[in-house]
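Chains as they are written, first to last, in our numbering: chain D, 5 to 317; chain P, 561 to 837; chain U, 5 to 602.
Warning: the hint list may mix true and false statements.
[Unchecked claim] With a cut-off of at most 20 angstroms between alpha-carbon atoms, the simulated PhoX-like pairs for lysine-lysine come out as follows:
1) P:Lys-832 x P:Lys-785
2) D:Lys-232 x D:Lys-127
3) D:Lys-313 x U:Lys-445
4) P:Lys-622 x U:Lys-123
5) U:Lys-445 x D:Lys-232
6) U:Lys-123 x D:Lys-232
Bear in mind the hints are in silico, worked out from the structure with no lab data behind them.
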Amino acid sequence: MITFILRRLISGVVLIVVVTGVTFFLTHAASIPVAHNLLGPTASPAQVAHLNHQLGLDRPVVVQYFSWVAEAVRGNFGSSYFSSQPVGEALADRLPVTLSVVLVSLLITLVISVVLGVLAASKRGPLDFVIQAISTLSFVFPGIIIGIALVFVFSIWLHLLPAVGYTKFQDSPAGWFGSIILPAIVLAIGGIASLSAQIRGSLIDELSRDYVRTLRSRGISERSILYKHALRNASGPAFTTFSLLFISLFGAALFVEKIFALPGYGFYAFTATVQGDLPVMLGVTLFSVILVVIVNLIVDLISGWLNPKARIS
Amino acid sequence: MTSLLSVTDLRLSYPSRGFRAKRPEVLRSVSIDIAPGETLGLVGESGSGKTTLGRAILGLAKPTGGTIVFNDQDITHLSPRERRAIARDVQVVFQDPFTSLNPVLQIGDILSEPIIAQGTSRSDAQKSVGDLLDQVNLPANAAARYPREFSGGQRQRIAIARALALRPKLIVCDEPVSALDLTTQARVLDLLIDIQRQTGVAYLFITHDLSVVRHISHNVAVMFKGELVETGTAAQITEAPEHDYTKSLLLSAPIADPDRQRERREQRRAMKSFVTA
Amino acid sequence: MTTPPVPDVAVPTSKRQGALRRLLRKPLGLVSLTVLVLLVLIAILGPLYGHNPNFSTLKDINVGPGSPGHALGADQFGRDILARLLASLNVSLISGAIGAGVSTILGTVFGLIAGYTGKRTDAVTSWVFSLVMTFPALVLVLVLYPITGGSYQVMMVIFGVFLSPGTFRLVRNLVIVVRNELYVDAARVAGLSTFRILSRHVLYVIRGPLIISVAFLASTAIGVQAGLAFLGLGSTLVPSFGAMTSDAFANIYTAPVQLVWPSLTLALLTGSIVLLGNALRDVLMDVGGVAKAVKTKGRGHTSERDTATPHIEDDAPHGGLLALRNLRVSYTQPDGSERLVVRDVSLDVKIGEVVGLVGESGSGKTQTAFSVLGLLPREAHVEADLLSVGGDAISLSDPAAMRGIRGGVVAYIPQEPMSNLDPSFTIGSQLVEGLSAGMSKREAKATILALLARVGIGDPVRTFKSYPHQISGGMAQRVLIAGAVAGRPKLLIADEPTTALDVTIQAEILDLLRDLQSELGMGVLLVTHNFGVVADLCDRVIVMQAGEIVETGDVRSVFTSPKHSYTRELVGAILDENTVRSDPPPRAAGALTSEGTK
Numbered sequence: 005m006i007t008f009i010l011r012r013l014i015s016g017v018v019l020i021v022v023v024t025g026v027t028f029f030l031t032h033a034a035s036i037p038v039a040h041n042l043l044g045p046t047a048s049p050a051q052v053a054h055l056n057h058q059l060g061l062d063r064p065v066v067v068q069y070f071s072w073v074a075e076a077v078r079g080n081f082g083s084s085y086f087s088s089q090p091v092g093e094a095l096a097d098r099l100p101v102t103l104s105v106v107l108v109s110l111l112i113t114l115v116i117s118v119v120l121g122v123l124a125a126s127k128r129g130p131l132d133f134v135i136q137a138i139s140t141l142s143f144v145f146p147g148i149i150i151g152i153a154l155v156f157v158f159s160i161w162l163h164l165l166p167a168v169g170y171t172k173f174q175d176s177p178a179g180w181f182g183s184i185i186l187p188a189i190v191l192a193i194g195g196i197a198s199l200s201a202q203i204r205g206s207l208i209d210e211l212s213r214d215y216v217r218t219l220r221s222r223g224i225s226e227r228s229i230l231y232k233h234a235l236r237n238a239s240g241p242a243f244t245t246f247s248l249l250f251i252s253l254f255g256a257a258l259f260v261e262k263i264f265a266l267p268g269y270g271f272y273a274f275t276a277t278v279q280g281d282l283p284v285m286l287g288v289t290l291f292s293v294i295l296v297v298i299v300n301l302i303v304d305l306i307s308g309w310l311n312p313k314a315r316i317s
Numbered sequence: 561m562t563s564l565l566s567v568t569d570l571r572l573s574y575p576s577r578g579f580r581a582k583r584p585e586v587l588r589s590v591s592i593d594i595a596p597g598e599t600l601g602l603v604g605e606s607g608s609g610k611t612t613l614g615r616a617i618l619g620l621a622k623p624t625g626g627t628i629v630f631n632d633q634d635i636t637h638l639s640p641r642e643r644r645a646i647a648r649d650v651q652v653v654f655q656d657p658f659t660s661l662n663p664v665l666q667i668g669d670i671l672s673e674p675i676i677a678q679g680t681s682r683s684d685a686q687k688s689v690g691d692l693l694d695q696v697n698l699p700a701n702a703a704a705r706y707p708r709e710f711s712g713g714q715r716q717r718i719a720i721a722r723a724l725a726l727r728p729k730l731i732v733c734d735e736p737v738s739a740l741d742l743t744t745q746a747r748v749l750d751l752l753i754d755i756q757r758q759t760g761v762a763y764l765f766i767t768h769d770l771s772v773v774r775h776i777s778h779n780v781a782v783m784f785k786g787e788l789v790e791t792g793t794a795a796q797i798t799e800a801p802e803h804d805y806t807k808s809l810l811l812s813a814p815i816a817d818p819d820r821q822r823e824r825r826e827q828r829r830a831m832k833s834f835v836t837a
Numbered sequence: 005m006t007t008p009p010v011p012d013v014a015v016p017t018s019k020r021q022g023a024l025r026r027l028l029r030k031p032l033g034l035v036s037l038t039v040l041v042l043l044v045l046i047a048i049l050g051p052l053y054g055h056n057p058n059f060s061t062l063k064d065i066n067v068g069p070g071s072p073g074h075a076l077g078a079d080q081f082g083r084d085i086l087a088r089l090l091a092s093l094n095v096s097l098i099s100g101a102i103g104a105g106v107s108t109i110l111g112t113v114f115g116l117i118a119g120y121t122g123k124r125t126d127a128v129t130s131w132v133f134s135l136v137m138t139f140p141a142l143v144l145v146l147v148l149y150p151i152t153g154g155s156y157q158v159m160m161v162i163f164g165v166f167l168s169p170g171t172f173r174l175v176r177n178l179v180i181v182v183r184n185e186l187y188v189d190a191a192r193v194a195g196l197s198t199f200r201i202l203s204r205h206v207l208y209v210i211r212g213p214l215i216i217s218v219a220f221l222a223s224t225a226i227g228v229q230a231g232l233a234f235l236g237l238g239s240t241l242v243p244s245f246g247a248m249t250s251d252a253f254a255n256i257y258t259a260p261v262q263l264v265w266p267s268l269t270l271a272l273l274t275g276s277i278v279l280l281g282n283a284l285r286d287v288l289m290d291v292g293g294v295a296k297a298v299k300t301k302g303r304g305h306t307s308e309r310d311t312a313t314p315h316i317e318d319d320a321p322h323g324g325l326l327a328l329r330n331l332r333v334s335y336t337q338p339d340g341s342e343r344l345v346v347r348d349v350s351l352d353v354k355i356g357e358v359v360g361l362v363g364e365s366g367s368g369k370t371q372t373a374f375s376v377l378g379l380l381p382r383e384a385h386v387e388a389d390l391l392s393v394g395g396d397a398i399s400l401s402d403p404a405a406m407r408g409i410r411g412g413v414v415a416y417i418p419q420e421p422m423s424n425l426d427p428s429f430t431i432g433s434q435l436v437e438g439l440s441a442g443m444s445k446r447e448a449k450a451t452i453l454a455l456l457a458r459v460g461i462g463d464p465v466r467t468f469k470s471y472p473h474q475i476s477g478g479m480a481q482r483v484l485i486a487g488a489v490a491g492r493p494k495l496l497i498a499d500e501p502t503t504a505l506d507v508t509i510q511a512e513i514l515d516l517l518r519d520l521q522s523e524l525g526m527g528v529l530l531v532t533h534n535f536g537v538v539a540d541l542c543d544r545v546i547v548m549q550a551g552e553i554v555e556t557g558d559v560r561s562v563f564t565s566p567k568h569s570y571t572r573e574l575v576g577a578i579l580d581e582n583t584v585r586s587d588p589p590p591r592a593a594g595a596l597t598s599e600g601t602k
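Extracted from the complex, chain D is given alone in its bound form:
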C-alpha cells in the first residue's frame, strides 16, 4: 500500500519535471521577444538587452530552468513579467473562481448522470431514447454555442442572471451562485452526456450477468440487486470516466471563463500564453500537472478500494 503511493508519487514528480521542462524548453525555442513586447516597438536594442538581462533571459536555458526550479521548490514562483504580481498570489486569487465552477458543474453532472443512468438501465424504453438524445445533442452543439445561447436567453433576454463577472461567496452567496450557475451548466452538459451513457451501459451489462440471476433466484429484491450489487460492480469504469471528466473540465473551464468573463485561472493562463509571460505560464503548467497527479492518485486509490481483487493484494 505504502509502496503503491510512493510509486505514484515518484512517477508524479517525474511527470512534473518532464512537463515543466518540456514547456520551458519549447517556449524558449519559440523565441518570444518578451522584452521587446514589454517595452513596446519603440524600444532601443540597448534597452531590450538591459531588460533581458534584468529578467535573466540572457542566461543559458538550462540555467534558467534550474534556477526556476530552485525557486519553485521554495514556493517562489516568480512574478508576472507584465503585471509584476507574484504568480503564486495570482493563482491563489483565481483558483477559487475556477474551482467553484468546476466543482458545482461536477456535482450537477454526477447527480443527474447517476439518476438518468440508473433509471434508463432499469426501466429501459423511452428513457433510453432521452439519454441517447442528450448525448448526441451535447456533441452536436459544442459548449461555446450552448454557453452563448444561455447567455442570450437568461441574461440578455430575460435579465435573470448576470452575463458577466464573478461575485465572491463571502460577499453574497446568492450572487455567487448566480454568477457561476450558467457556466457550470454549460460545462455539465457534455459531462452528463458521457457519464450517463457510461453508467447506463455498464449497468445494463451488469444486470445481464449470471450472478444477478442467481441472486434473484434467492428471492433478493430488485432494488437491492440494482443499488447494492449492480451499481457497485458498475462503479469502477464509471468512476474512471468521472475522474477523466474532472481533469478535462479544468481545460474546458477556459472557454466558459471567456464567455462569462470570469477571472479564473484558465483565462489567466490564456492571456499569459499569448503574451509570453513565462513565469505565469510555468506556474500554471506546474499547478495543472500537480492537480492531475493528485487527482490520479486519489482515483487510483479509490478504484483499488472498489475492486476486491486489488484490495487484497
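Fit chains P and U to the supplied structure of chain D, relying on the hints for placement.
Chains P and U alone, transformed into the frame defined by chain D:
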C-alpha cells in the same frame, strides 16, 4: 520402431510474477511417443498440463527443458520461419467451435489461408477448398458462408478441414468434441477415425472424457498435476488401470446404468480422494 | 462406418449485405451520411463562390442577410458572411481530418504493437501513453501555442497527439482480447507471419470500433479547434467557426442574427459526424464484429438437428410438488415473428423425487427450468395453463408472486460456479443476504456457516470472509449449493450443476446433492445432457427435443427400452464403455500395437 513424435522429459514453467513468487511448474518431465498413423489419447483434468503439452508441441508455449523431436527433427524451440515449415506436418483442432474460426472471414478464406501461407497461389488454394469440404462431408456452397451460419458440429468439421488442408502427419486435437452434443460427438469422432484410416494421419487426442478417449485411441497416457502417471494401450488403461489416480478417474465418470453406477459409486468412495479443493 | 452426409444447412437465402448497404438502410445513417457528403462537397466547391472571406469594406458593415452581394449579410468588419462560412467549413473539415488522423494512426500503430508483442513492450508503451493521457491537454496546447506560429494545422497535430491515448487504449485492449482467441492460435500454427496475422485477423476484426472512434475523434477535434479560434488563438486571416462566433458574440447587441450562421453550420457538421458514428456503431457492432467475436458462447452444447418428431408419454400424470401444464416460451425475432422455443410442455415432480430433464442444445430444457423460476430475460414471452408449486397455483405473469416462491420454496443451482458469484462481495455477505428476511443477522450468519461446513468446505469461517476470486471452482459450486438450500426449499432446480467441473470433483458434488436431497426431502428438477448423471441421481427422466417433450419414464426403462426414436438415438450415441479402438494403426510395430477386445 520409428516414432513420429517423441517428447522426452519436457518441462515447462510459466515466468514468475515478481522474484519472490514460486514459478508454477506446469509440466514436469513428461515423455510420450506417437507412431505414424496412431492415436495417443492424453487424459487429465484441469491443471494436469495436458493442454499445455499440446500447445508446446504446436509451438504456442515455450518449454523450459526437455526436447520434442518430430520426424527426427528437434522442434523444441523454433523460429517463426522454421515453424512455418513444420506447419505442413503438424496441425491443430481446438475445442471451442465458436472461437476457433475467425467470425469475419468466409469459410473458403479460412480453409485456403494455411495453403496460401505456404506460398501457393490464391487460385490454386481455392481449388483445394472443395476437396476439403468434401472430406468432412460438408456441401461445396459452404465456402461462401460465414461461421455463424453453421452449427457447432459443422464448425468443428470446418476446423478439421482446415487442419487437413496441408496434409499433415500429426494433428493435435485439443478436446475437439467436448463442446458438442452427444449425437454430434459420436459423428465427429467417427469422422476423425475415418480420416485417420484414409490418410494415415496421427492424432494426439487431448481430452478429460474417458469414454471418448477409449473410442478413438490406440494408446492412452494419463496426466495429473503436470506429471505422467500411467501409460498403456487403451484397453489396459480403461479395463485394468494400475495407478490409483487412473482408477479414481475411471470410477468418477458416471455411467448410464443406474445399478452399475451405484456399484461404481461404492467403489469410488472406498478409494482415497484426489480432490484437493 | 462412414458418416452420413449432413443435409445443407438452412441458411437465409439473401447473403449478408455489406456494411455500407446496411448503413444506408437506417434512416439515421442515410441522413447523416448525405449531410456530411453535401457539406464536404460544398467545402470543396467553396472557392468557386469567388468572394474573398477577408475582404472588408466600410460600406457593408453589419448589413443584413439578403443584401446585394451578401446572401447572408456581412459582419461588423464588412466581410461577407457566406464566404467566411465556406472557408470555415474547409478549416473545420481539415481540423477534423488532422486531429482524428494523427490520433488514430499513432494510437493504432502503438496499440497493435503493445497488444500483440510481449509484456515488456506493452508495459512501456502503456506507461508512456497514460502519461500523455494525464497531460492537461488544453493547457498544454495553449502553452505550446507560440511554437505553432498560430497555425491551426499544427495545433491540431498537437491536439491529435493528446487524443491518441484514447485510441491506443481502445486498440490495445481489443488486440489483447483477439490475440488470445483460438483462431489466432490456429493461424500461428498454420504458419502465418505476425504481419499477416495482424493485418488479416486482428485489424480486420477490430475495424468496427476503430471506425466509430474516428468519427467521435473528428468531431472532438473540430469542436476544440472552434473553441481555440473562439478564444482568439490563431491567425486572424484564417476564418473559422470559432472566429466567426467570437466576432458575432462581440456583436451580440447589434446584430444577434450573425450568431446563427456559424453556430448552425458547425452544429450541422459535428451533428452529422456524430450521428453517423452512432449509426455506424449499430451497423458494425452487430454480428461479425468484435462484440460477437469476443463474447464466447457459454458452456452450452451444440447440436446439428433442428426438428422434433411426435411425442410418446408414459402413464397418467403424477401430482405433488410441481405441476406444469402447457408451458409456452417464445421470443420476438427482428423481423417481427415469434419463435417458439418451448411448446406445450407439461411435467410433474413429486415430493422427494429427482427428475432428470434431458436433451441436447436447442431442446428447450433450460428455458423450461428457468420458466418455473421466473428467471427468463424480459424479452421472453412466457405463458402456461397451470404452474403449481407445493400445491399452490401461481401466475407466471405475476412477478411479485414468482419472486415470492424463489429462495424459500424453489431454489436454483447454476452451471458455471465462478460467474454466478458477485465479485465485489464476500461469500458470506452474499449468502446471508438471501436469508435476511425472517431471521436476525446473527442467526443468518450461523445458518450459513453451518451450511458451508455441511457442503464439505474445510474452513467455513475463512470461506465466509473470502471473495469469489479467492476460492476454486469446486468450492464455488459448493457455496452455490449452500446458498440454494439455505432457505430449505421444497423444489430444487439444478441447471447442469456439474458440467463445468472436473470429473473427480463432479463425482463429489453429485454425492453432495444426493445426500442433501434425501436429508431435506427436496424434489429436484435436474437439467442435464449427461446420461451418466441421470443414472446416478434420477428417479425419472423427461426427454426433450426442439421445445417439446418426446418421452418420459422411470430411469431404468428409458435406458433399457426407450420407446421414442429420438430417445433411442440419444441412448445409442452414448459411447459404450466396452468399446475400445480395435483397428491397429497403419504402420505400428513392436510394443505399441493395440490389442482389440471387442
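Now for the hints, and whether the structure bears them out:
Our distance criterion of 20 angstroms between C-alpha atoms is met by P:Lys-832 and P:Lys-785, whose separation comes to about 17 angstroms. As the CA atoms of D:Lys-232 and D:Lys-127 are separated by approximately 17 angstroms, the hinted pair is consistent with the 20 angstroms bound. Under the criterion of a C-alpha separation no larger than 20 angstroms, the hint pairing D:Lys-313 with U:Lys-445 is inconsistent with the structure, at around 26 angstroms. At roughly 15 angstroms between alpha-carbon atoms, P:Lys-622 and U:Lys-123 fall within 20 angstroms of each other, so this suggested pair holds.
A hinted pair counts as satisfied when its Cα atoms are at most 20 angstroms apart, and U:Lys-445 with D:Lys-232 qualifies at roughly 17 angstroms. Straight-line distance between C-alpha atoms of U:Lys-123 and D:Lys-232 comes to about 36 angstroms, which puts the hinted pair past the 20 angstroms bound.
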